[in-house]
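Chain B: place on chain A using the hints.
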Amino acid sequence: MSRTTRLEDLLAALFRYGTWLASATIGLGFALMLIDARFGTRNLAGFPNMWIATTGIVLLILLPVLSVLLMLLVFVRDGNSRLAVPAGFVLAVILSGAVLGFRALLRPGP
Amino acid sequence: MASGLMLWLFAVSVAASALGGMLGMASGIFIVPILTMFGHIEIHTAIGASLISVIACSCGGAPRLLRSRLTNVRLAIVLETATTMGALTGVLLAGILPIPFLYFLFAAILFLSAQQMLARRRDPSPATIPAPDRPWIVALRLDSSYPDRELGREVSYRVHRVPLGLILMFGAGLISALLGIGSGVLKIPAMDTAMRLPIKVSSATSNFMIGVTAAASAGAYFMRGNIVTAVAGPVALGSVLGAIVGARVLTIVSNDRLRFLFVIVLVALGIQMLFTVFGVHL
Chain A
1 MSRTTRLEDL LAALFRYGTW LASATIGLGF ALMLIDARFG TRNLAGFPNM WIATTGIVLL
61 ILLPVLSVLL MLLVFVRDGN SRLAVPAGFV LAVILSGAVL GFRALLRPGP
Chain B
1001 MASGLMLWLF AVSVAASALG GMLGMASGIF IVPILTMFGH IEIHTAIGAS LISVIACSCG
1061 GAPRLLRSRL TNVRLAIVLE TATTMGALTG VLLAGILPIP FLYFLFAAIL FLSAQQMLAR
1121 RRDPSPATIP APDRPWIVAL RLDSSYPDRE LGREVSYRVH RVPLGLILMF GAGLISALLG
1181 IGSGVLKIPA MDTAMRLPIK VSSATSNFMI GVTAAASAGA YFMRGNIVTA VAGPVALGSV
1241 LGAIVGARVL TIVSNDRLRF LFVIVLVALG IQMLFTVFGV HL
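So the protein lines, in turn, are chains A and B. Under this note's numbering, the first sequence has 13 at position 13, and the numbering climbs by one with no breaks. Every position in the second sequence, counted from 1, becomes a number in this note's numbering once 1000 is added.
Bound conformation, chain A alone (with noise of 0.2 Å):
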């Protein structure tokens, strides 16, 4: 098996888990806060139900983001210099985006 396909491999795996966890935690956010609506009940889970919907969401947008975490991690054990710097420049590209959208958030409003 070549080494180009073993990593599609290990990103097909990434991509088949990642996905079923991150549904189900949403899923799971919204289902306690259906049944906490519909039978009066109050955070089934011990902490705001939202959070649990959140913690989904933030982990559907982290797979990619993985995604390109190992393949920087595949090229740089690879010794494959060419495509790891790519790799890592749209890993710093995303995480700038990150932080502009941070400071935004904490730039005073007109």
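Covered by chain B, according to a simulated footprint, are these stretches of chain A (three or more residues, beta-carbon under 8 Å): (1) 8-20; (2) 24-31; (3) 56-67; (4) 82-94.
Label-pair restraints from in silico Cβ distances: (5) B:ASP1143 <-> A:LEU70: 16 to 26 Å; (6) B:GLY1225 <-> A:ILE35: 21 to 31 Å; (7) A:LEU95 <-> B:ARG1141: 26 to 36 Å; (8) B:GLY1152 <-> A:VAL58: 41 to 51 Å; (9) A:ARG38 <-> B:SER1145: 46 to 56 Å; (10) A:ARG82 <-> B:SER1145: 16 to 26 Å; (11) B:VAL1155 <-> A:ASP36: 48 to 58 Å; (12) B:GLY1152 <-> A:PRO48: 49 to 59 Å; (13) A:ARG82 <-> B:SER1068: 17 to 27 Å; (14) B:TRP1136 <-> A:ASP9: 20 to 30 Å.
Hints in this document: simulated from the structure, not taken from any laboratory. Note that the Cβ used here is the ideal one computed from N, Cα and C, for glycine as well.
Then chain B, alone, in the frame of chain A:
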């Protein structure tokens, strides 16, 4: 938020992703117009939810395409340098550009999508393709092959005009961040026409890339508070389910009939968006 609205968001996302999945598109092109015009959700919140939907569609479809070796991950990471830079530029511009301009741009992209839907995609003829003119295409080993089940053999292909592809990908990333769409409508023609990749490879590689591009802007939208869990959560769940349903329905529905239906929906949404720009409410 009322559970009725959450169920509506979930149902709309299932339908949008199923429709999109049938023709290899992410659902963002439908999600934003529906949420803003029918759900009366603020456009930046709708864009944030749509980016989550794009990531869900991309991640949900990626495993099958990666295992079938249709996705060229080496080419994807090279092109992602341009799409993520475009997305970062889009994030910076999103807060500056006036909202009517965003609606107008969205209407233009909807009409472009309808036009591309009508134009049939064909694999480039190998006889007309010149040899790669950049030694680094060979150095990065961007050329590859994939097993074609219909032909029953391995199909080799060459990657062409990477610099032109990078320029087009920057534009695709910019539009993706501004409008919250996957920009497959720009990425796939860039790979089909400019880079001369086989259709199956460009579709699979685009699917892989739209998730990374959307994640680049979704991080910023999330940090800025534009990704509202009560809206984005049901949209994400609906998109995962819709993408699975769409891929299954794809095998049993006539492609031409579906294409015609799509064009009508895209043009109708485009006209509705233009009405919004000019303050006309039906």
